[in-house]
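Engineer: Taken in sequence, the protein lines are chains U and C. For the first sequence, the UniProt record's numbering assigns the number 1 to the initial residue and increments by one for each residue that follows. For the second sequence, the UniProt record's numbering assigns the number 1 to the initial residue and increments by one for each residue that follows.
Calculated directly from the structure, the hints in this document are not laboratory data. Hints are supplied without guarantee of correctness; some may be wrong.
Identical copies go unnamed one by one, so any copy, or any two together, can satisfy a pair.
As the list claims (entries may be wrong) - With a straight-line Cα cutoff of 20 Å, these simulated SDA-like cross-link-like pairs (lysine to any residue) come out:
1. 329 to 740
2. 547 to 321
3. 710 to 148
4. 547 to 314
5. 327 to 685
6. 547 to 243
7. 170 to 446
8. 327 to 113
9. 548 to 233
10. 783 to 172
11. 738 to 718
12. 329 to 764
13. 157 to 560
14. 547 to 240
15. 157 to 103
16. 745 to 314
17. 547 to 233
18. 396 to 354
19. 327 to 691
20. 327 to 777
Protein chains: 2
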Amino acid sequence: MAVSMDDDVPLILTLDDSGSSTSAPLDDLEREELPNENGGSYDVNDASSPAAGDCCAQQSSAQHNWEMNYQEAAIYLQEGENNDKFFTHPKNAKALAAYLFAHNHLFYLMELSTALLLLLLSLCEAPAVPMLRLGIYVHATLELFALIVVVFELSMKMRWLGFQTFIRHKRTMVKTCVLFVQFIEAIVVLVRQTSHVRITRALRCIFLVDCRYCGAVRRNLRQIFQSLPPFIDILLLLLFFMVIFAILGFYLFSPNHSDPYFSTLENSLVNLFVLLTTSNFPDVMMPSYARNPWSCVFFIVYLSIELYFIMNLLLAVVFDTFNDIEKRKFKSLLLHKRTAIQHAYRLLITKQRPSGISFKHFEGLLRFYKPRMCARERYLTFKALNQSNTPLVSLKDFYNFYEVVGLKWKAKRNREHWFDDLPRTAFLIFKGNVPCFNGSTYSTNTVVAVNGIWILVETFMLQGGNFFPRNVPWSYIVFLTIYGVELLLKTTGLGPVEYLSSGWNLFDFAVTLFAFLGLLTLAFNMEPFYFIVVLRPLQLLRLFKLKKRYRNVLDTMFELFPRMASLGLTLLIFYYCFAIIGMEFFAGVVYPNCCNTSTVADSYRWVNHTVGNKTVAEEGYYYLNNFDNILNSFVTLFELTVVNDWYIIMEGVTSQTTHWSRLYFMIFYIVTMVVMTIIVAFILEAFVFRMNYTRKNQDSEEDNGIVLEKEISKEEVVGIIELYKRSSAATDTSQLQKIVLQMDKYGQMSTLFLGRRSRTKSDLSMKMYEEEIQEWYEEHSRKEESQAPLQESAPASNNFLKPLSLRQRSQTVI
Amino acid sequence: MAVSMDDDVPLILTLDDSGSSTSAPLDDLEREELPNENGGSYDVNDASSPAAGDCCAQQSSAQHNWEMNYQEAAIYLQEGENNDKFFTHPKNAKALAAYLFAHNHLFYLMELSTALLLLLLSLCEAPAVPMLRLGIYVHATLELFALIVVVFELSMKMRWLGFQTFIRHKRTMVKTCVLFVQFIEAIVVLVRQTSHVRITRALRCIFLVDCRYCGAVRRNLRQIFQSLPPFIDILLLLLFFMVIFAILGFYLFSPNHSDPYFSTLENSLVNLFVLLTTSNFPDVMMPSYARNPWSCVFFIVYLSIELYFIMNLLLAVVFDTFNDIEKRKFKSLLLHKRTAIQHAYRLLITKQRPSGISFKHFEGLLRFYKPRMCARERYLTFKALNQSNTPLVSLKDFYNFYEVVGLKWKAKRNREHWFDDLPRTAFLIFKGNVPCFNGSTYSTNTVVAVNGIWILVETFMLQGGNFFPRNVPWSYIVFLTIYGVELLLKTTGLGPVEYLSSGWNLFDFAVTLFAFLGLLTLAFNMEPFYFIVVLRPLQLLRLFKLKKRYRNVLDTMFELFPRMASLGLTLLIFYYCFAIIGMEFFAGVVYPNCCNTSTVADSYRWVNHTVGNKTVAEEGYYYLNNFDNILNSFVTLFELTVVNDWYIIMEGVTSQTTHWSRLYFMIFYIVTMVVMTIIVAFILEAFVFRMNYTRKNQDSEEDNGIVLEKEISKEEVVGIIELYKRSSAATDTSQLQKIVLQMDKYGQMSTLFLGRRSRTKSDLSMKMYEEEIQEWYEEHSRKEESQAPLQESAPASNNFLKPLSLRQRSQTVI
């Protein structure tokens, strides 16, 4: 320690001619040695002024400057994590205030709830859901209110970004324009007291998309738009073949007057488009097939080329583009994070010690970056980052910041079970449980399987009888008892907390609870809760644990869930746009017996007529697939997504409106095709990626996420407590003191801590692209160097006080 | 040369104590020097006896032994190429004769035609195609005849393999069993003079699958079976969810008596299975949706889980397995070829020169391996293989045998065009053409596009009018003239041969020819040929050349075509099996108005009734989708493959037979799902692979296949001619002499030859797996070495005279 301080001294003297002399008293006060059993020691009390502090002659000013630096570094790191571009970095103290205001969860929640309010308004507007209909005044006022909140949000953003950056940020500008249009329309509605055709309501989605919490949706949309060019190429190929076949089909089949499908070129085109979705398949062929069996060749060739070749080609192209984009995205994210770390690093080093960050500064950073982190975890994070035994974290070590900061630290216990502390007899009982239920996994599974077959057979025997027996069947009680005993054994064996921390156990618990509730329902004959009994088959889901592949599939599913949910949300946003448009144009056009002139009249016919003494109901339910309100529209759009028989809906609507309505349905088909193809590509990519990963790392079978081990000696802990006590920041050191007490109790000189976190997609990618990543880094640093002259205008200083460098501003947005 | 011979002499003396003394006269006779301008020289006349020749004291015997060695080496190389396992290698002279008999194209053709005959018999048997119906005697006799031919083929195979190997070769044994069953059945049919239920006819496919020409189909089937285990796992998951939802659906919807879809558990299961294919989608939901709008949640959840998640998972799993198998297959093929080359190499080196193969022996090998190759090409192949300048091809060089032997050699001309030899004036005219049509590509494309739009507009205007005008429209003549002129220009510019060697030009030519024929048809009013006029829209296909991506797609399509065709054939084989089974059980069960008791009665109703004074035909054409003969069955099965409305066919048949018929349709659906998923996976893999490849090699844009350049000097050619003249084999050296004459004419001392072949999938894979291949080789050679003791029993000898080594026999079959 003494040596390292001696090394520092000359550096202070030569470099730091303004600040260090004043901060010397503080230095002297805190200059203590903190021995470390590893042989090295951590210098936690170097409070020399920041390298950029050039106008501070007093200690408080130096301290204030440091606080500013901590805060800006934390902001840089947050920007790196959230993939915010640095040109939106707050540039001065005013901007910083606005930035901080606009970057907390309350603000985010406000953003989200206004966006949701705006979207939900369409439940109550003009073609409203009957139960939720509101007066025009009410919903227009609500809308105006929501829009004003959005205006407020945008003004905060402008304050933070500054006008120049604000108008250059495309997404924000689009949002502003949409806001403007919505405002005018809302006022027009209020004035006219009636709704006009408001297709622009479809644009309300942009408020949701722009929310902080919808970053994943934005990424999906970007990815969809990036995949479009090759997609469109192949789509044109598809349409091109369609036109050729339409002309051919028209020439071949229009002489047959009993064939309504090819009577005109337009019919021919429409029917071949529908045929592409196979929705009208054997029917479209039948009239010509009945006349000449060889005409099936036309259809077989068409389907083979279009459906089985080009559509798969589409998937291949999207899959390929998707993979490529995924990799490039990962690369840019990685490099962005790296740059953010570099920025933060520059703000945290001192002139005296430019080779690394001391714990004091690191702790200051974490105070802003993760305010909830306790003192113990901060120190452990610092130790985990520090690969060398010096008291400073170098830039190279600091690059691992994001990987390490997410770890949850726990003292490694020497005792295996929670009941180790109990008296001897109780201990032995619990101890016996553990192997017992481990060994009984198979027998439990057998029980579940038997139960499953039982339910199946029982249901099968129950043809249309009384579903809800007055008496509780004995099988129900037997199986429930078995599950209950198993649950009890496991809980006592593992302890309630550890038991419920496993997803599978939680699932078991929930299923058993439901079964128990069902039993109660039956026993006390509570009719309104019979739905719980109906859910009984879900117990069969427990069989999943039987096979490793299924467990893998489910695990992957859970891992993918956030991403899948964001894709689903993206799809819903498209649905919303189309639902609004559909409602504006097609609300109320479809009703029972509406389409008697069209070819699909049967599906809309709804007649009760009496034959003999029996009432025969001819029920074509398709009039239910309408655009009468937004919920109905969503169901209709889902039916269109599933594609089967979608042409019946299309023809029904078309027969009541114009030919051009078909465009709506066809465009919707193509849009969902794009989104669905991307979803398929995503699932494909994710699973293939994971399977490859598993194949590569077959040795390490049980994969419990990322684990890191760190040992802390008692002296270190005491030293840190001392430091905290003397420093001005009021930090809670009770946890640290508890550690010291524990060590005293067990007479240990040091404690081992385990840092854990679950593996993310990014970790997997890191491992997959290991080799390439090095290349990227080198390429990146070469680029950095070549751009260094430009960057020198803001080398390591506090950006709040200086103009942004040109290089940073030139980065692209969205 | 002299030096190298001196090096050889001691080796001959020490090692070869039996054969070389007798072959000395020949050696002396042929020992001449053949100077080579490269500084090295090729020793083409080393006729020392083979290393394994141990019983030959006379020259003719040595020569005979060499011939045997050449032949066996050629067989080894063929086995390597065809992926025949070495344990089927002919073991003695008798087996060799049978092997040679069974391995030529006449025999293959016989195999193929008997298999096809057997398959085609089902056109004429019991539920026969009306036009092709044959008497029982006739088709049973034909069948017996074909079966006898198969017996003959199998006996030849037994003769070649030997009884021991024969009964251990699984595929052959299965074939024998099937043959036996077929034989008995054919005789029973002849005796009883009536057909019985002959489901075993479905097994006739095995005769086709076993054909030499259907190797690709065998590979596909193997790949399908290898992909099955993971596929079945996911399929079970799918069915499991289906059962859970069926029970749930039964409980939820069966109280609704207007809902026929969930009235019993069986109905519930069947309808959810059909829902998986989306075939009954909005309909199955409608009755419950009409009663309670929230019931749509059940269907949305079911479809999201089953259709959008698990089905995609299925694709992902198959895709992943497929890729993995593809790679392993490539590896094993590569190593098999390598082993084959090693075997061949051992047979071709001499005791005197164990370090390589001389041209004389190489030429002997090629005489058997590629009898059609001319002397010039043989020598060029040898030179292309020989990487060093020594007169011998080492084992390392010989490993490239398969890559080099397929090259087509052509002298590189110094003159660019075929008309360079013409008189000056004509030359200038033709010369002018070349840039002219190169520059006019864009204008040609414009013409095609205009023509396309013209046809489209013309067809659109022609709503139901007279399709075939009496007068030829002028537009037709204009466009045809333009195409004709373009064709003429291009042909004269490039010369007819080179013009037609490009696929695109060939396509242009065919299209123009068709258009011309159409013109003639119209001009001379030949009604029966109007179909040519109908094909006119196909001209639009020329627009494809416009964009590079489309050209790439089409090129890839052509590259993939053989593989796609084999996959199609595989699908057809499955179709055949199902068609036979379907015909045996369901022939004649479906007819107009057959299914009035079923839920799909409308689709089968076929009534003409008079309303007022108009005849209204209610035509449900579905009775056409029957199993009445094999052609109808194929069309029906294709409709089932397309999946849409397949349940109508299923329900129709079920209502006429039993519930169990559904199993047939469901199993067919699952089988086609497997095959289709594999086809999708294949297309995906192939395209993604190619796109990756293109991305990796973006620099070398124009990719004309594999090209190799070799220079030969005049002296070499003369030397080879001399060698051939003196050798006993009667080889045509006229081509070589022509080269000498040409060189004399132009006063050149050497000619440059270009070897070309198109790139295959294997070449692409070689490049993709470049790094891994080295590892595989090393691993393989380590294995070889560890097994060397076993192998020494047949080190480099002629296997026709020795027992097969144990190691070779232990390799697995199929």
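Engineer: All hints, please: hold or fail.
Structural biologist: Cross-check of the supplied hints:
{"no.": "1", "hint": "329 to 740", "result": "neither (46 Å within a copy, 62 Å between copies)"}
{"no.": "2", "hint": "547 to 321", "result": "between (34 Å within a copy, 18 Å between copies)"}
{"no.": "3", "hint": "710 to 148", "result": "neither (52 Å within a copy, 80 Å between copies)"}
{"no.": "4", "hint": "547 to 314", "result": "between (34 Å within a copy, 16 Å between copies)"}
{"no.": "5", "hint": "327 to 685", "result": "both (11 Å within a copy, 18 Å between copies)"}
{"no.": "6", "hint": "547 to 243", "result": "between (50 Å within a copy, 18 Å between copies)"}
{"no.": "7", "hint": "170 to 446", "result": "neither (60 Å within a copy, 38 Å between copies)"}
{"no.": "8", "hint": "327 to 113", "result": "neither (34 Å within a copy, 52 Å between copies)"}
{"no.": "9", "hint": "548 to 233", "result": "between (42 Å within a copy, 10 Å between copies)"}
{"no.": "10", "hint": "783 to 172", "result": "neither (30 Å within a copy, 65 Å between copies)"}
{"no.": "11", "hint": "738 to 718", "result": "within (11 Å within a copy, 97 Å between copies)"}
{"no.": "12", "hint": "329 to 764", "result": "within (14 Å within a copy, 28 Å between copies)"}
{"no.": "13", "hint": "157 to 560", "result": "neither (32 Å within a copy, 55 Å between copies)"}
{"no.": "14", "hint": "547 to 240", "result": "between (48 Å within a copy, 13 Å between copies)"}
{"no.": "15", "hint": "157 to 103", "result": "within (10 Å within a copy, 80 Å between copies)"}
{"no.": "16", "hint": "745 to 314", "result": "neither (67 Å within a copy, 57 Å between copies)"}
{"no.": "17", "hint": "547 to 233", "result": "between (43 Å within a copy, 9 Å between copies)"}
{"no.": "18", "hint": "396 to 354", "result": "within (13 Å within a copy, 57 Å between copies)"}
{"no.": "19", "hint": "327 to 691", "result": "both (17 Å within a copy, 15 Å between copies)"}
{"no.": "20", "hint": "327 to 777", "result": "within (15 Å within a copy, 31 Å between copies)"}
Consistency with the previously given hints fails for numbers 1, 3, 7, 8, 10, 13, 16, ordered from lowest to highest.
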